[in-house]
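**Q** Sequence:
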Amino acid sequence: MLQFSTGESYTVIGSGLAGRNPRPEPGEVVDHLVTIVDPGRSVSKTHLEFGQTDGVFWVCDRHSGNGTVIREPGAEPRPCVPGRRYPVARGTRVDLGDQHVLLH
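Residue numbers (numbering that gives the first Met the number 0): 0 to 103.
No lab work stands behind these hints, which were simulated from the structure alone. Owing to the predicted nature of the structure, the values given are computational and were not obtained by experimental measurement. Be aware that one or more of the hints could be misleading.
[Stated by the list, open to error] If you anchor each label on the Cβ, the simulated ranges turn out as follows: (1) R77 to S4: 17 to 27 angstroms; (2) E75 to P25: 32 to 42 angstroms; (3) S4 to G26: 28 to 38 angstroms; (4) G54 to D97: 27 to 37 angstroms; (5) Q2 to D30: 11 to 21 angstroms; (6) P81 to T34: 14 to 24 angstroms.
Backbone N, C-alpha and C fix where the C-beta goes; we use that ideal spot for every residue, glycine too.
Put together the whole structure using the sequences plus the hints.
**A** Set out below in C-alpha cells:
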C-alpha cells in the first residue's frame, strides 16, 4: 500500500505512475495513475514510476524537476538517478519534491 502525505492511500497491484497529472508515454501501459495534489508544484506532472518485479517493489524517478529521495529506516537518504529502478522495502519513505509517500 502507498500512503501519500496528501492523505490518499492506494493498494498497488502491478505498475503505475505518480505525479500532479501523470500520463504514460505513447505505447506505455500501466495499471495505476496516481494524482498527487501539490499546490506548490514541487511534484512534476509525471514524477515517479513504480511497480513490482518478482515480488520486489521498486520506484523510478521520471526525470522530475525536483528529484526523488529514498529514505529507508536507519539508512542515509538516497537521491534517485532519473531512469534507474530502486528496490524499496516496506516502511520506506520516498520524497517527491515537497510531498512524500510511505510504503506499507
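**Q** Does the structure break any of the earlier hints, and which numbers would those be?
**A** none
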